[in-house]
Amino acid sequence: MIAYFRTVFTAAWALLQGMAITLKYLFKPSITIHYPTEKLVPYEKFRGALLFDAETCISCNLCVKACPSACIQLENATNPQTKKKIAKVDWYSIDFGKCNFCRLCEEVCPTKPKAVWHSLDYEVVFYTRDEMVRCWKAGINYIGKYWNRKEKIFKDPEGQISIQEVHSRR
Amino acid sequence: MTRTSPLAGVKTDTLFVNLGPQHPSTHGVLRVGLTIDGEVITKAVPDIGYLHRGTSKLAEVRGYHHCVVLTDRWDYVSAMPNNLVFCLAAEKLMGLKIPPRAKALRVLMCELNRIASHLLFFGTYGIDLGAFTPFLYAFREREMVLDLFEMCCGARLTYNYIRLGGVMVDVGDNWIAKTKEFIEYFKPRLDEYDTLLTYNPIFMVRTREVGKIAAEVAVNWGLSGPNLRGSGVNYDVRKADPYCGYEQYDFEVPLGKSGSCWDRYFCRVSEMRQSVRLCEQVLATLPPGEFMAMGVAKVPKPAAGEAYAHVEGARGDLGIYLVSDGQASPYRMHVRAPSFINLAILQEMLVGNKVSDVIAILGSIDIVLGEVDR
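Taken in order, these protein sequences are the chains called A and W. Using my numbering, the first residue of the first sequence is number 243, and each one after it goes up by one. Using my numbering, the first residue of the second sequence is number 146, and each one after it goes up by one.
A portion of the hints provided could be inaccurate.
Stated by the list, open to error - Here are the computed lysine-lysine pairs in the DSSO-like style, where the Cα-Cα straight-line distance is at most 27 angstroms:
| no. | chain 1 | residue 1 | chain 2 | residue 2 |
| --- | --- | --- | --- | --- |
| 1 | W | Lys325 | A | Lys287 |
| 2 | W | Lys248 | W | Lys325 |
| 3 | A | Lys281 | W | Lys323 |
| 4 | W | Lys446 | A | Lys340 |
| 5 | A | Lys307 | W | Lys202 |
| 6 | W | Lys332 | A | Lys266 |
| 7 | A | Lys270 | W | Lys332 |
| 8 | W | Lys323 | A | Lys266 |
| 9 | W | Lys443 | A | Lys354 |
| 10 | W | Lys325 | A | Lys266 |
| 11 | A | Lys356 | W | Lys443 |
| 12 | A | Lys270 | W | Lys323 |
| 13 | W | Lys323 | A | Lys287 |
Said to hold, decoys possible - The following label-pair restraints were derived from C-beta to C-beta distances:
| no. | chain 1 | residue 1 | chain 2 | residue 2 | range |
| --- | --- | --- | --- | --- | --- |
| 14 | W | Val398 | A | Thr298 | 50 to 56 angstroms |
| 15 | A | Thr320 | W | Gly194 | 46 to 52 angstroms |
| 16 | W | Gly199 | A | Thr274 | 34 to 40 angstroms |
| 17 | A | Leu258 | W | Val185 | 34 to 40 angstroms |
| 18 | W | Lys202 | A | Val250 | 56 to 62 angstroms |
| 19 | A | Phe269 | W | Lys443 | 52 to 58 angstroms |
| 20 | W | Val398 | A | Thr274 | 50 to 56 angstroms |
| 21 | W | Ser201 | A | Arg248 | 52 to 58 angstroms |
| 22 | A | Phe251 | W | Gly199 | 54 to 60 angstroms |
| 23 | A | Lys397 | W | Thr340 | 55 to 61 angstroms |
| 24 | A | Arg391 | W | Thr340 | 55 to 61 angstroms |
| 25 | W | Glu451 | A | Ile395 | 25 to 31 angstroms |
| 26 | W | Gly434 | A | Thr274 | 37 to 43 angstroms |
Hints are computed from structural coordinates only; laboratory data are not their basis. Remember, predicted model here, so these are calculated numbers, not experimental data. Yeah, the Cβ is synthetic: ideal placement off N, Cα and C, and Gly gets one too.
Next comes chain A alone, as it looks inside the complex (with noise of 0.2 angstroms):
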C-alpha cells in the first residue's frame, strides 16, 4: 500500500519537474516560424534549385561528366555561316527529377561567374513532370523554361521565385 503511494507521489513529481521546463520555455520567445507568412532566408552555401546563364556557358561538357546522376544535357552552338562548333551553348537543361543537389557540376564550372550554380530557392515545386525538365537557350532568364508537351510549347515555371536575390538570413 505504502509502495503505491510512493509509486505515485515520484511519478507525480518526475511529472511537476518536467511541468517546470516546459514552464520555463513558456515565458521565452518562440523560436518557431509561421512559414509561409514568415519565411527563412538560408546561408549563403545554400544549395537549393539550380539556375543556368546561357549567356556565360562556354558548353565544356564539365557539369554533364560531374553529375552523378546524369540530370544534365547540353548541346553546342554552331557558327550559321562556317558550320563548326563555337564556345557557346545552344541549349542547356537540368532534370530536376533527378538532381541530388551536390553541387558537384558548380565545383567544376570554369567560367566567371558560373554559368550553373545553385540559388538559395527551397521552394521549387512542380505540378507536373514535364516541368522538372527545365530548358534553357540564349536570351533566356536564369530560372529557365519547360516544355510542356500537351500545348507543344515551351512554358515559363510557377514554382519558383527569386529568393537567390537575398542575401541575409531572417
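Please build the complex by placing chain W on the supplied structure of chain A, with the hints as guidance.
Below, chain W without anything else, positioned relative to chain A:
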C-alpha cells in the same frame, strides 16, 4: 454439479498482424509480420526492401567522386559517417595522404552529426512511448546542428561534404564561433533531457525490463554501436581501430549493464555528452593548413586491389569493402550497414513480449530504413 468454463468449446487461434509498412512508429517503411497469441508475440518476421535503391550496383557504373553522393542516401539521419567511410576506403585504394586539418574537420562533422542523430532518436523514442514534449526540445537543438551544416556545406541532410582527399570547403571563423556557441548552449540542455525523459519513473518502468539482450546474444547476432554497448560489451571502432586521429582525443565509451531498452537509450544519451567533449577538443586543437590533399585525380583510377574501411557511425560499425579493377568506377562495393544487422535480432527479441512493448523495442534499436534497404 460441476461448473464448466464458458470458453470450454471455443476454438482459439493465433492472430497474424501486420505492423507497418506505413506505421508511424516504424521510422520508415518496415513491415513486421507478428503472430500473436492473445497479447503475447509468438513469431515476428521483419520484412524489408521497401526502400531498396540498389546503391551497391549503382556504384559499379559511377566514378569514385560520384559514389560519395550515393552514400548520403543510406543513413540519411547521419550522412557524414557515410561519406567518411566511403572516402576512407577509396583513399586506401588510391594511397592518398589526408592533411591534418581535413582529418580534424571530419571528426568534428561526424561528432556533430552523431549529436543530431541521437537527438532524433531521443525525440522519436519519447514519441513512441507517448511522451511528446521531449521531441520538440530535441528538434529545437537538432535544428541548430543542421543549421551549422547548412552554413558550412549547403545541405541539411545529404551533405556530400567529406570528399576524396579531404573535405568540400574549409570552415570560417564565423562557423567556428557559432559551433562553440551551440556547444555552450547544448550542454545544460542535456540535463534538461534527463529530467524530461531519462530519469522519468514512468519512462523507466516502461523500458527497464523489456527487450533485454544478453552480451553473448548481442555478439552472436553481430550487433554494433549503442545496441551492443547497451549490453555491456566494450566495442567502439573509434577506440578499437582508430581512424582520422581519434586516438589523440580523450573520450569515454558509455556502457550499459543489462542490455534493456533503457540501457540502449542511456548509452545514446551519454554518447551525446562524449560527442560534445570531442567537439570541444577538436575545436580547441583545430590545426591550420590545407583542407584538401594535393593531387586528387578528377577521374580517379586506382590500381587493381581491394580495401576495407570501417567507422563508428551513429548506429554502429559502418563498413565498406571496395574492389577496384583499375577502371574509373569500383568493381564491387559492399556496405556493412549497422542498421541492417541490428534489425535482424528483432525476430528473436520480440518473441515472448507483449504487443504494447513492440514499439518500445523497435524504437530502442534505432534503425534507419534507408540504410537497411540501401
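The hints, checked one at a time:
Distance restraint check for W:Lys325 and A:Lys287: the Cα-Cα separation of roughly 20 angstroms lies within the 27 angstroms cut-off, and the hinted pair is therefore satisfied. As the CA atoms of W:Lys248 and W:Lys325 are separated by approximately 19 angstroms, the hinted pair is consistent with the 27 angstroms bound. Annotation: proposed proximity of A:Lys281 to W:Lys323 holds, straight-line Cα distance about 21 angstroms (limit 27 angstroms). For the given pair, W:Lys446 sits about 26 angstroms from A:Lys340 by alpha-carbon distance, which is consistent with the 27 angstroms threshold.
Under the criterion of a C-alpha separation no larger than 27 angstroms, the hint pairing A:Lys307 with W:Lys202 is consistent with the structure, at around 19 angstroms. Only pairs whose Cα atoms come within 27 angstroms are accepted, and W:Lys332 paired with A:Lys266 is accepted, the gap being roughly 17 angstroms. Only pairs whose Cα atoms come within 27 angstroms are accepted, and A:Lys270 paired with W:Lys332 is accepted, the gap being roughly 19 angstroms. A distance of roughly 24 angstroms separates the Cα atoms of W:Lys323 and A:Lys266; the hinted pair therefore holds under the 27 angstroms criterion.
A C-alpha spacing of about 20 angstroms is found between W:Lys443 and A:Lys354, which places the hinted pair at or below 27 angstroms, so the restraint holds. Distance hint between W:Lys325 and A:Lys266 is fulfilled; the C-alpha atoms sit about 24 angstroms from each other, no more than 27 angstroms. For the proposed pair A:Lys356 and W:Lys443, the alpha carbon gap of about 19 angstroms is at most 27 angstroms, so the pair holds. This hinted pair checks out: A:Lys270 and W:Lys323 have alpha carbons roughly 21 angstroms apart, not beyond 27 angstroms.
About 16 angstroms separates the Cα atoms of W:Lys323 and A:Lys287, which keeps this hinted pair within 27 angstroms; it holds. The hint said 50 to 56 angstroms for the Cβ distance between W:Val398 and A:Thr298, and at roughly 52 angstroms that hint holds. In this structure the supplied range 46 to 52 angstroms holds for A:Thr320 paired with W:Gly194, their Cβ-Cβ distance being about 49 angstroms. About 38 angstroms separates the C-beta atoms of W:Gly199 and A:Thr274, a value consistent with the hinted range of 34 to 40 angstroms.
Roughly 36 angstroms separates the CB atoms of A:Leu258 and W:Val185, a value that falls within the hinted 34 to 40 angstroms. Separation of W:Lys202 from A:Val250 is about 58 angstroms and conforms to the stated range, judged on CB atoms against 56 to 62 angstroms. Between A:Phe269 and W:Lys443 the CB atoms are about 56 angstroms apart, so this pair conforms to the stated range of 52 to 58 angstroms. A beta carbon spacing of about 36 angstroms between W:Val398 and A:Thr274 contradicts the range 50 to 56 angstroms that was offered as a hint.
The beta-carbon spacing between W:Ser201 and A:Arg248, approximately 55 angstroms, falls within the hinted interval of 52 to 58 angstroms. Judged by the Cβ atoms, the range 54 to 60 angstroms given for A:Phe251 and W:Gly199 holds: they are separated by roughly 56 angstroms. Against the hinted window of 55 to 61 angstroms, the Cβ-Cβ separation of A:Lys397 and W:Thr340 comes to about 56 angstroms, which satisfies the hint. The given range of 55 to 61 angstroms is respected by A:Arg391 and W:Thr340, whose C-beta atoms sit roughly 59 angstroms from each other.
The hinted range of 25 to 31 angstroms is not satisfied by W:Glu451 and A:Ile395, whose Cβ atoms lie roughly 54 angstroms apart. Hint check: W:Gly434 to A:Thr274, Cβ distance near 40 angstroms, so the stated range 37 to 43 angstroms holds.
Violated hints, listed in ascending order, are 20 and 25; each of the other numbered hints is respected by the structure.
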